[in-house]
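Enquirer: In the order they appear, the protein sequences are chains U and D. Take 632 as the starting number for the first sequence in this note's numbering and just add one per residue. Take 9 as the starting number for the second sequence in this note's numbering and just add one per residue.
If you're looking for bench data, these hints aren't it; they were derived computationally from the structure. Take the hints with a grain of salt, since some may be wrong.
As the list claims (entries may be wrong) - Listed next, with one range per pair, are the computed distances between beta-carbon atoms:
1. U:764 with D:145: 38 to 46 Å
2. U:763 with D:636: 28 to 36 Å
3. U:679 with D:643: 41 to 49 Å
4. U:746 with D:192: 22 to 30 Å
5. D:597 with U:731: 25 to 33 Å
6. U:792 with D:368: 38 to 46 Å
7. D:155 with U:746: 51 to 59 Å
8. U:664 with D:635: 56 to 64 Å
As the list claims (entries may be wrong) - In silico lysine-lysine, PhoX-like type, Cα no more than 20 Å apart, as pairs:
9. D:76 with U:787
10. D:346 with D:390
11. D:661 with D:622
12. D:647 with D:677
13. U:775 with D:76
14. D:677 with D:645
Built from N, CA and C at the ideal position, the CB exists for glycine as well.
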Amino acid sequence: MADEAGKHIGEVLLSASNISLSFGAVHALTDVSADIREHEILAIIGPNGAGKTSLLNCINGVYHPQKGTITFEGEPRADLAPSEIARQGIARTFQNVALFKGMTTLDNIMTGRNTRLGGNFLKQALYWGSYQRDELEHRVLVEKIIDFLEIQAIRKVPVGRLPYGMQKRVELGRALAAEPRLLLLDEPMAGMNVEEKEDMSRFVLDVNDEFGTTIALIEHDMGVVMDISDRVIVLDYGRKIADGTPDEVRANQAVIDAYLGVSH
Amino acid sequence: MNNPPLRRVRRAGRVREANKSELPARQAGLDQMMDRSATASDGALDTLPKRLREQARTRGDGVFLREKDLGIWQPFTWAQAEKEARTLALGLAAHGFQRGDKVAIIGDNRPHLYFGVGAVQALGGVPVPMYQDSIADEMQYILDHAEVRFAIVEDQEQVDKILQIREQLPQIEMIIYHDPRGMRHYREPGLEWYEDVQTRGERFEADNPDYYTDEIAKGQGADLAIMLYTSGTTGKPKGVMLSYDNLIRTSLNGMAHDRLTDREEVLAYLPMAWVGDHLFSYAQAMCAGFTVNCPESGATVLADLREIGPTYFFAPPRIWENILTSVMVRIEDAAKIKQRLFHYFMKVAERVGVRLLDGEPVSFSDRMLYRLGEIFVYGPLKDNLGFSRIRVAYTAGEAIGPEIFSFYRALGVNIKQIYGMTEATALVCGQSDGQVDAESVGVPMPEVEVRIGDSGEVQFRGPGTFMGYFKNPEATAETKSNDGWISSGDAGYFDEGGQLRIIDRAKDVGKLNDGTMFAPKYIENKLKFSPFVLEAVAHGDGRDHVSVFINIDLDAVGNWAEKRGLAYTSYTDLAARPEVYDLIGGEIEQVNAAMAGDPKMAGAQVRRFLILHKELDPDDNELTRTRKVRRRFVADKYKELIDALYDGSSEVKIEAKVTFEDGREGTIKATLAIRDLEPVAALAKAS
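Just chain D, with the same shape it has in the complex (with noise of 0.2 Å):
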């Protein structure tokens, strides 16, 4: 019984006949679970804490965790692990903890913080974690909302952050911190040392033997496990339910898919909040057996990423795209021999190493250049950023661009797109090894159901399908229907080979008059890929055709035009210019004919566009603090300028006022070009 149940479910048939000949009563029971794998886990490892005293029965010296402290991986295996958060729980249960009760976790992705979730819900508890650089008013909601009457938190600055709050929250009766640095001075009630707690839950188990084994043994597959807020665009957040068989039938499923073993080594360096860390960094690993990774402190993930070299990599398309960006960099002062080392094998990888990856055929003659490249700049590469090991990564959140995607699979890297949500377990689609492509997000994970709703939403079904959210049924009968499926929000299709491809948000999807779907976000994403488009608001919703602002990138277009000897005054001068309008044009027509490729999109392709004459500006309210366009306002604004994009004009003069950075006003006057361009025939695929 040394491997968790994730191994039979994986070899379901082969286990099953070489068992039955040799273990037949133990084959019923076998069985039964594999049966009811179907629709639960396995009924005597049905909870997280029940998963976890298993792992540290069968594998106790196995590492679990790792944490890099005073510059040296420091690991727990799992039977220390255990007995930290044993003792950390019957401490709290010497404090009266009861069945229910709410716990915060808050603080960076620390061990002691992981054993803090495995210490409540071994006691029936409920763990919130919650976003570590939120800010105090921020927390209150949540601590409020979620009727918080326990924290476990990392260190001092946590700490702080409540106490200033703490008025407002009356039923917070305890606060326990890990770290005492800076805390010997605090004398306010209720504040405990995370050793204390765990001393007094020491002598609480002298007098209550059984007390652990019990409540864990009180736990059901379908308790809440976790509570987890969701940061919520609009509007107050929401706290995600999720139970035992949400996450434990999701892990098994998304290790099924990516066939992973107890030898995976993953690093967990996004906030615990999230559920994609709560499956991956914490649920997948009980139910694995496998080994999360702590980084040092934020700023040295990448360094730790490559010391710890993880087979199992989730990061988001900003990251993937940040650590391009510093190869690029490095390679540009580089010496020129090892510049054309690096340029030609890249060649050789694009053209190969995808086509192995997804193990197609492949030349001889490729097969030894690629082998070569691998010895040369692919393996050294890979050593340098981390990622020799990986077998598995994940980027889900946003689209990605296809050439970042693509550089990481010509290395080797197996990347693939992922697509979920908290209320999904985080798990609704994966790409399938040898069907990844940057476009969709992959075919539906075991066990669930996708479809698409009559408006074109994307719609699912399954196990990972969340309870509820917490005292909000409201939201939650919005979401989910009577029939458990959950209204996703984004648009979306199948493609001829049956992978789901995102294209927007639900709501900003619209359409042309010809009936064309529109899907501003899609197109906007693809213009976005090229280095020299900085921002881009598509137009469309109920007109004759596409049409587009571009807001160029300064440093981008900048340097091109340098290089070109085009001078330039201003941002506005330099927007204006006949060659950058050439420039840009010739992007557009790339994502055009991209289009082109896709019947479901050939329609939508860009006909006209301007450059607008100013960057769009989260202080003139056009973008969010987070940089997301703010569509209706910057129609609203602009809508002079999209009037002129429809009415066949070819410049269109603005005058527009502006908030300098000082916060004076003033205005600003222009006469902006607008350009058409020739639609790409609508042919069959190209490639």
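This is chain U alone, in the form it adopts within the complex (with noise of 0.2 Å):
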């Protein structure tokens, strides 16, 4: 029902070009090249070990690429580790959920935080000064979240006690905590039922609409992938097979052949 014209994409804001990763003998990415435009919703879609997480890892600074290069907002960026570059506006949820189980989820949403909270660990331990009113800031757009995510009833419950498709979303809004630019979900519905993908993939529409967030995920289920996203990379055994919107990618022959299969 939403009109999707209202919808800028714009220039590129991450750009993997040549890059291969290997582990050993294993060639886990080939000499792949691949852009994320600003605003867009872009998925990686493969068969398993196709490289779809390597690739990920490679953006998020986990694995650094013995060749080729990465380069963020026009800048080609040195390797560097993942806190470095969750602090330039990269923020992801894994395929495993990685929670602190034993606390709420509020106070996991506020770790999301981190990165910008402010003060030495003194003020930080203490609960003083400067520091005391970046808090009340920080949980102010943290309740945001929780607004936004719907979590509100969850809000002071453990994580570790909450069914897997709401440690998915508490997850989600961790990463939205850090007012990322560049969003990367490793495969946000994995394990879920149909309502609870339904409710994911209106999440993260959202939060592509509302925030303008540029969003690359991993996703298995080709009706969501075919849904929310505005352009597909195909991977195969480490390379790239194809890339386009998801019509181009449903018809093309090699991406079948790999992957698809015949249609069903």
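Take the two lone chains, each set in its own frame, and fit them into one complex as the hints suggest.
Expert: As structure tokens, then:
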């Protein structure tokens, strides 16, 4: 029902050119080039072991490719630690939920503000001075995220007690708390039932729409991918075999052979 | 004039005397008002918009509404509320709003939707609040039937639903949404953001400064104030039309009955489409000037309840029960010492608390013990539940289990039963302080007359008697007689204490062969209060005695069996165990004993029962989707079982088709035992 014409996909935000990554004799990525444009939702698909997660890991600095360069906001990027990359505005969620199980939803999302919390250790520990004011401001932002993701009811619940679908949502919340320019989602809907998938799809679209956040996501559910993404990249055995709109990719013979199979 | 007129109604005599000496001129007016309060409410404040304006004038800085937003309770004062409603109203006026226009209000309990109600009423329009979780098809009927021209909705979800059916609803001109999230790319005509409408309203006000005041002044007490569609178990929903007189006089009477003041705090969490919400959370707040709190979301109600600590609270039995269960579960998990403390002091509370609440004499030592319990158990527990400040709590709609009821009363929570329906503006009867029990629903509210019709049906007449069903004179004539008596459809009677007791839907009530009244639901409810009984179906109309089918609660009975080392393989197996028959027989005998104490019911004790081999199931059409027994269907399907209950046999063979969850069908063969029970002598009340 929404009129998509209002959406404006901008310049290239992040560009990977000719990157290769190998672990010993295993070539995880071979000569992959891909652009991520401002405000778009980019899906990365492919069979298991195709190198999708490796690509995300290169983008947010968990791995450093042996060959090729990654350019973010027009600047070629040196090999940075993940924390420094997070500070630049790239946030992510993980294939397996990686939250602090014993902490509440609220506290988990607050940790997403960590890169932006000022003050030294003493001020933080004593909740004192400018730090106190800062934390209040951060709390407001976190509350907005809680409202946005409709998880008010679990604000004070330790995440270990939440069902899986909810944990995924909290993880998205934590990534959003960093106010990223680029959000990387690694299988955000894995293991969810239909209703949870619909909810999550809605949130991904809303994040993209409301905050203009650029999103790159890995997903196996083709229905979801075709519905929500602006562009799709297909990997197979560490190589990029297709790159285009969902319709183009769906019609691509190489993709059908490698991954989609006969249409059904 | 800080206090709204309710105070004067409440202490009528005293105020009248005190004022007579001081202000003779004004008193004449007051007297007039007092006299008329028996027939109409205050002439100057006879509509809700007039009252809203008056509240904004006299207590502008007082808090009318609170909403939990971003984790913090954000207040709206009366003055802010009046401004919100006014600018929205004038924005509607700028769009050509006419007196009498119907406006759908759809969403959770949100301050801005309440302001929407206020805005529409101010212009002489009629709000039609609708259930926010109804699907598009259900909405379509009401939007169409009510001739809705404008809709004020909470968010994208509701907008989507209306857009989905908009083609069939050409009369809808405008949809106003409050939450702009996700709405940026919508281009449909007539879609307006709430705040944009208000901005236009401000401009309209600059050109027409008197418009709002003039429109409010045109309103009268007899005007149609709101239309509430009853969900209707049979047929299409009907639009109940209520006037300002209905709402205001019922509000004032309710306030007088329970001495409500402007200091009350309520939690508005039940659907806006339900008459109780409009009365307790809106009309009464307009009359009394108390504060209404809107929870953050449906899922946070219990947490919000605790934070707010309402003084005046309504909940259906289901919620009271859920809260009690959650307490019990947590106690089970608590340390042994805490468990002992809890159980010890709850025993004290059961003995003493209810008597204290009813103002009966209690020995000094018990009083001290209860006070100690208050420190160690009741106080912390009530605080944890958000019940520390409750002065008046209501339950209605269904029968409530006596032990649930007395649990809260023992803690000192003044829970009472009320009886009413949408057609009566929610209030017909209510229990008075000191005369509260789990069985009755109290005495008629002020100005309300209640009588029992020839067929045993409860009929009533009063200031809350509705105007009629919208565009449905036949249904109106069926329900409301020419002289204003409403047939409730409920069977009931007045007990010795003059309290009304509701026993069943009138059409289900029958007679045993000896003439004893047979009210199946009354008996079934009593049986279902046992944790072991999941469902019960009572038979007896046109028979010599009452007999019942029982469905055991597999969890509870299974647990019970486990503790006794009783092995079983399935529901059917467990249900057939003689030990289980003993257990259920004991439960039924307790119900019989309770009924023996009630002269009207003593003859309808359960004499024979059997435990069904399977659970009654909506998939087999035995229950409705809301889990009400389809009496006639069950009677038909299990005719041979019923016959066996009345031919004296001690067992019966059954072969029945069942539908499995995956749609397959199968047959179950079983032999069901039938047990006889000795009736308890109908002696006068044992207690």
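Enquirer: Decide if the proposed pair is consistent with the structure: residue 346 (chain D) and residue 390 (chain D), CA atoms, cutoff 20 Å inclusive.
Expert: holds (16 Å)
Enquirer: Given the hint of 41 to 49 Å, check if residue 679 (chain U) and residue 643 (chain D) actually sit that far apart at their C-beta atoms.
Expert: violated (58 Å)
Enquirer: Is it true that residue 763 (chain U) and residue 636 (chain D) lie within 28 to 36 Å of each other by Cβ?
Expert: Cβ of residue 763 (chain U) to Cβ of residue 636 (chain D): about 56 Å, so the range 28 to 36 Å is violated.
Enquirer: Given the hint of 38 to 46 Å, check if residue 792 (chain U) and residue 368 (chain D) actually sit that far apart at their C-beta atoms.
Expert: Hint holds: Cβ distance 45 Å, inside 38 to 46 Å.
Enquirer: Are residue 661 (chain D) and residue 622 (chain D) close enough, with their CA atoms no more than 20 Å apart?
Expert: The given pair, whose Cα atoms are some 14 Å apart, holds under the 20 Å limit.
Enquirer: Would you check the hint for residue 775 (chain U) and residue 76 (chain D), treating anything up to 20 Å between C-alpha atoms as holding?
Expert: holds (12 Å)
Enquirer: Determine whether the Cβ-Cβ distance between residue 764 (chain U) and residue 145 (chain D) falls within the hinted range of 38 to 46 Å.
Expert: Taking Cβ atoms as reference, residue 764 (chain U) and residue 145 (chain D) lie about 52 Å apart, which means the hint is violated.
Enquirer: 51 to 59 Å was suggested as the range; check whether the CB atoms of residue 155 (chain D) and residue 746 (chain U) agree with it.
Expert: holds (56 Å)
Enquirer: Is it true that the CA of residue 677 (chain D) sits at most 20 Å from the CA of residue 645 (chain D)?
Expert: Given that 20 Å is the threshold and the Cα spacing comes to 15 Å, the pair holds.
Enquirer: Checking one constraint from the list: CA of residue 76 (chain D) to CA of residue 787 (chain U), max 20 Å. Satisfied?
Expert: Roughly 15 Å separates the two Cα atoms, so the pair holds.
Enquirer: Does residue 677 (chain D) sit within 20 Å of residue 647 (chain D), going by the straight-line distance between their CA atoms?
Expert: holds (16 Å)
Enquirer: Given the range 22 to 30 Å, decide if the beta-carbon distance of residue 746 (chain U) to residue 192 (chain D) lies inside it.
Expert: holds (29 Å)
In this structure, the earlier hints numbered 1, 2, 3 and 5 are contradicted, and the remaining ones agree with it.
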